[in-house]
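Novice: These protein sequence lines are chains A and B, in that order. Going by my numbering, the first residue of the first sequence is number 86, and it counts up by one from there. Going by my numbering, the first residue of the second sequence is number 4, and it counts up by one from there.
It is worth saying that the hints were derived from the structure and are not from the lab. Note that beta-carbon positions come from the ideal geometry of N, C-alpha and C, so glycine has one too. No false leads were mixed into what you were given.
Counterexamples of contact, computed for chain A against chain B with all Cβ distances above 10 angstroms:
{"#": "1", "residue": "LEU96"}
{"#": "2", "residue": "ALA127"}
{"#": "3", "residue": "ARG173"}
{"#": "4", "residue": "GLU237"}
{"#": "5", "residue": "SER251"}
{"#": "6", "residue": "ARG358"}
Here are the in silico distance ranges between beta carbons for each label pair:
{"#": "7", "chain 1": "A", "residue 1": "ALA271", "chain 2": "B", "residue 2": "VAL41", "range": "53 to 61 angstroms"}
{"#": "8", "chain 1": "B", "residue 1": "GLY82", "chain 2": "A", "residue 2": "ARG313", "range": "19 to 27 angstroms"}
{"#": "9", "chain 1": "A", "residue 1": "MET86", "chain 2": "B", "residue 2": "HIS48", "range": "55 to 63 angstroms"}
The primary structure of each chain is shown beneath.
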Amino acid sequence: MLRRLLTLRWLALSVLAVLLVVVMSLLGVWQWHRAQPSRYAAAVSAPPVGVTTVVRAAQPLPTYAVGRLVTASGTYDAEHQFVVPGRRLNGQVGSWVLSPLRLPDGSGVIVVRGWTGTPEGAGFAPTGPVDVTGRVQSAERTGSPAAGAGPELSAVDPAVVAPRLSYPLLDGYVVLTAQSPPANAALTPVPPLLPTSGDGLHPRNLAYALQWWVFAAFVMVGWWRMLRDDVQPPVTPEPAPAPVAPNPALDRRRRQALEDAVSGDDELAAYNRYLAELDDAADSRGR
Amino acid sequence: MADAELRSDGRLRGAFGRYRVMAYVVGVMLLLLVAAMVVKYVGGHPFLVRVVAPIHGFLYIAYLVVALDLASKARWSLGRTVLVLLAGTVPFCSFVMERRVEQDFRSAPAAF
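One chain only, chain A, in its complex shape:
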């Protein structure tokens, strides 16, 4: 069998089989990973961490951080407060109110402090140190560069806000869920957007993974069967048995058995039948 494997044909076939098995297995592993509950969903239920551990300064927001609960301590930038009008909440149109929060490292992060139906009554952010808890959101890309110099923005986009500040901003923004000291009661908390993809295992991808592994098994079994048949050709169906050449000895015994049976000598008849059967057996084994 080993020698047969070392022929060119079998080397090529074996390499092909190994390649197919590897590729199919990896495709299965890929689907297996896709079947797992996503990191996006995991981010939603993860315990809060400091905002700078998931959003690094001067780096784009990692997509798996979206929806993550974070904490931040610092002071709100009292000189810059922005509103984003045209935001719906509970069927009403109002504005989001946001302020950059200065972090101890000197950078800042935009915090959406809440929603208000009357931007004039939004009030201002607390001036002292605050502890903020909220969820990370990816920046809303406006597509247009900074609008005017007023407090009104068309979207929550750090890239648009940053040029108006003297310090760098983290990518994305944080939607406030809790604050100490408590947030202005005139602001209604904005429900953060949570990633919807990845709620648990994906059965379809799991099935695809299984399917790839079954295919890989097909290849292995096929390779083995081909090799086995090649080394030891299968028993080809026997042609119809050729008419057996008359066996004088056999015929004699059969005749004898018949005669003995007729003559009534049971013991002799049984013995001759036994001999005839032995002959038959030897005959069929010999083929």
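Based on these hints, arrange chain B on the given structure of chain A.
Specialist: Leaving out everything else, chain B in the frame of chain A:
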């Protein structure tokens, strides 16, 4: 008939039986899937497809397994094997193919 041949014939019979069952099951499931797709794309109700499609997918894999097993035991040519495998993907085709395979089996089980 020698022992080995008898045994392999029995195994062939078993493989053929499994193939017949799966060809029938996959054929019926495929018709169900077509009906479910009509319900989805004409009727606008996708729920039937969501139930039937994955079941059909699993059964088709099982069909592939038993058909390949039969192909290897009956020593079919590659072309015939592929034809029989593909027959499971065309509505009604698996019934036709199953009938043809059965006729061949009945007429010459030994040379099958």
